[in-house]
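S.K.: Using the sequences plus the hints, can you model the full thing?
What follows is the residue order along each chain.
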Amino acid sequence: MVDYSPLLRRYGVFLAVVLLILFNLAVTPHFATMQTLSVNLTQVCTIVIVGVGMTLVIATGGIDLSVGALMAIAGAMSPMFFTGELFPVPNIYLGIALGIVFPIIIASFFGLFNGWLINRFSIQPIIATLVLFIAGRGIAQVSTNGDLQVFKVPEFQAIAIGRVLGVPFQVWIMVVVVIIAAFVLRRTVFGRQVLAVGGNEEAARLSGVPVKRVKLIVYAVSGFCSGIAGLIVIAMNSAADANLIGLGMELDAIAAVAVGGTLLTGGRATILGTLLGALIIQLVRYTLLANGVPDAAALVVKAGLIILAVWLQRQEHA
Amino acid sequence: MNAIDKSFGSVTALSAAHLEIMPAEVMALVGQNGAGKSTMIKILNGAFRLDRGSIQFDGKPWAAGSPQQAQRAGVSTIFQEINLIAYRTVAENIYLGRELKRFAGLLDWEKMNQGARALLARFSIELDVTKPLGDFSTAIQQMVAIARAVSFDAKLVIMDEPTSSLDEAEVAVLLNTVRQLKSEGVAVVFVSHKLDELYAVCDRVTVMRDGRTVAVSKMADMSKLQLVAAMLGRDLADVRASGATAFGEGEKAIGEELLIAKSVAVGRRVSDASFDVRKGEIVGLAGLLGSGRTETARAIFAADPKSKGEVRFDGKATNFKSPADAIAAGLGYCSEDRKVQGIIPDMSVADNLTLALLPTLTKMGMIDEAQQRKIVLRFIKDVGIKCSGPGQKIRELSGGNQQKVLLARWLCMDPKLLILDEPTRGIDVGAKGEIQSLIQQFADKGLGVLMISSELEEIVEGADRVFVLRDGQVVAELEHSEISEQAVMRAMAHGASKDTEFIEVQHG
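Going line by line, the protein sequences match chains H and C.
Per the working numbering, the very first residue in the first sequence carries number 1; after that it's consecutive.
Per the working numbering, the very first residue in the second sequence carries number 1; after that it's consecutive.
Heads up, a few of these hints could be off.
[As the list claims (entries may be wrong)] Quick list of the computed label-pair ranges, beta carbon to beta carbon: (1) C:127 x H:186: 56 to 62 Å; (2) H:121 x C:364: 34 to 40 Å; (3) C:445 x H:124: 41 to 47 Å; (4) C:445 x H:121: 43 to 49 Å; (5) C:364 x H:166: 33 to 39 Å.
[Unchecked claim] Calculated lysine-lysine pairs in the DSS-like style (CA-CA distance at most 27 Å, straight line): (6) C:393 x C:363; (7) H:212 x C:393; (8) C:60 x C:155; (9) C:279 x C:416; (10) C:339 x H:212; (11) C:381 x C:316; (12) C:308 x H:212; (13) C:363 x C:416; (14) C:363 x C:279; (15) C:386 x C:445; (16) C:363 x H:212; (17) C:262 x C:316; (18) H:212 x C:432; (19) C:101 x C:155; (20) C:432 x C:339.
Think of the hints as simulated: they come from the structure by calculation, not from any bench.
Just so you know, even glycine gets a beta-carbon here, dropped at the ideal spot from N, CA and C.
M.R.: Pasting the structure below:
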């Protein structure tokens, strides 16, 4: 008898996506429309973007709980630049440029801070990033006085809802982030070093891998990705609410990474897997909703998927 | 303990081992790594169950099901790492698990503190028992652990390497405590690799090797050299024929000085290590377990910071901050523990092999995969790595082949000096020979090699010169013609470098 299990493990995630699509084509009405595609993709965009950063962090054997809070910081900060609240904006496009670049840089810096904490004090990543998980949202709230900032700046909102070739702009952002990260992980020295650190940190250090620098960079990248995601969220809502932006995102991102087949203990990672993992979670939820199953039940199914993914990883090591 | 057998799965840890201890006797238990000392101890204190054999304690059959039971029955064990709670007070630790209570279950602090004080006074230790244990030095903590053990009315106390993390003064205090126990009629099993300590306190010695008891003797009747020989499994009268390893005898050109280490010290483990390696030379670093070989090597490679000393490499004074610096200067270090510090299990043979080299194999930041493949294939062939291809995961390879990949990781860097820590440990005989001749081959081409090995024959036959470490100090340097198993053992045992003991042994 042929043992299909290695194949199943390797292509299982991909297979699951295909099966889900086939199932929906057969069962769910109006599934094969541009509308459905758009809805589903916009729902996963931010999760995938944050998940990409998370994949790199997890590949080094770490974890980043602060992503949701960093999204809130970036999201809450951005409108100040283009609404003219901070200073009068001479040119709306300049304001928007500042409102995009600055928050992302700030979020990256906070990510760098996570990495620094972990390196400098040898704190476990889960604790180190818990600091900003708690404080980050506070920072976001204080910087906006906890107010909801509503705005109507279509030029800015284009980054989420504008369309290029009929596909929402945020989906293009997601695609670019995924491609760059997949390329870096697979083809560059840095990518190998990320996996080496996660696979065996001491061995990597003894082989001259700059372990601390690698860690700093992955946490900064995670902050960077969170910053982008934070901007997309406020652009979609045309409002920034520091209390809500990115709430629970850390768990969604980790779930996508886990379901995608990245080893949670580090050393093996797949960016494409994270994309597919997020799609699976979204498609399952959509399938259930479109067929009249309440959202609450979908949450349970999501949990089930995570258990299944972890179980599959275990099998491999047994 | 009589005819004890114990296996873990298919691995036999003990076979027909025995151990006998008299009341008020201090028994040394010695042996190399894997000799079975720990297993023996753990069977005695109830942590493991024996497969076959019998144990008598105090005239009755002994069957402790757990360390707690053993403790209540009079056998206490003190481990290398202190198994107490650093944040609780000294008194609390002493009474842990059998706290004195007043009515209604309230703790009787006063009585516990008094009891603790009285107990410690027996060992002439005076300290504030209401302070957290963690505030005191390791030696004091160890003493508290011993006091706690004694307070269980222990008749037998087992000490597993109690001195490994103590400094000299602290060791002296501990040894006094051992003598105190003895004078109170308590028997002690003392496990240590430091021969001086054994001779200082022990009455008798039991030597174990490969799961067997190979020698039992009065301490005074056994010379240090005989003791070392028994541990390593060497018959002193036996003059060994050479050729057990794949190191050749060929003469070769040894070049100028490559590495000079002067009075290197590392924490408490290494106090004074001076040695040098020349181009094209294989230098052996010998010593018993715990003598500081690995610590010395790691300090040279900047894997750990050195606390004192000077290292000159290739004519320049160096101050490497990290292994990356050392690598850039032309060093390589194959660590002792392949699994923990060597391989990256989930990565391919190719990625493992080129891990250190990779940063130089780039084209505009990308890995030049064609180039990588070329190098990997060349080394797979040159080094003789048996694998299905460069893409195979390294964890699927045998130990010997993994080791070859790790060797190749450094050889492909074209280093000037390679430090090999137990290069052939735990791999099969065939691969062992291949690795040894490989080392020889590269040394012949001018590579300097610093080789640590616990296997005497590897050192004796492989090395052009040998430095012997003993308790963190280099105590002997043996040149080509002086190198023999006896000479190395003698230095391990005494630190004496010349021939007095040798003659004595020949007669005895």
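S.K.: None of the hints should be skipped; say for each whether it holds.
M.R.: Evaluation of the provided hints:
1. C:127 x H:186: 56 to 62 Å: Once the Cβ atoms are compared, 60 Å apart, the range 56 to 62 Å for residue 186 (chain H) and residue 127 (chain C) holds.
2. H:121 x C:364: 34 to 40 Å: Given a distance of about 36 Å, which is inside 34 to 40 Å, the answer is holds.
3. C:445 x H:124: 41 to 47 Å: At 46 Å between Cβs, range holds.
4. C:445 x H:121: 43 to 49 Å: holds (45 Å)
5. C:364 x H:166: 33 to 39 Å: holds (34 Å)
6. C:393 x C:363: Measuring from Cα to Cα gives roughly 25 Å; hence the hint holds.
7. H:212 x C:393: holds (25 Å)
8. C:60 x C:155: Holds: residue 60 (chain C) and residue 155 (chain C) sit about 14 Å apart, inside 27 Å.
9. C:279 x C:416: Holds. Residue 279 (chain C) to residue 416 (chain C) sits at ~8 Å (cutoff 27 Å).
10. C:339 x H:212: holds (22 Å)
11. C:381 x C:316: violated (35 Å)
12. C:308 x H:212: holds (25 Å)
13. C:363 x C:416: holds (26 Å)
14. C:363 x C:279: Judged against 27 Å, a Cα distance of about 33 Å means the pair is violated.
15. C:386 x C:445: holds (24 Å)
16. C:363 x H:212: Holds - the C-alpha atoms of residue 212 (chain H) and residue 363 (chain C) are around 24 Å apart, at most 27 Å.
17. C:262 x C:316: It holds: about 13 Å lies between the C-alpha atoms, which stays within 27 Å.
18. H:212 x C:432: violated (35 Å)
19. C:101 x C:155: holds (26 Å)
20. C:432 x C:339: Holds, at roughly 17 Å.
Consistency note: the structure conflicts with the earlier hints numbered 11, 14, 18.
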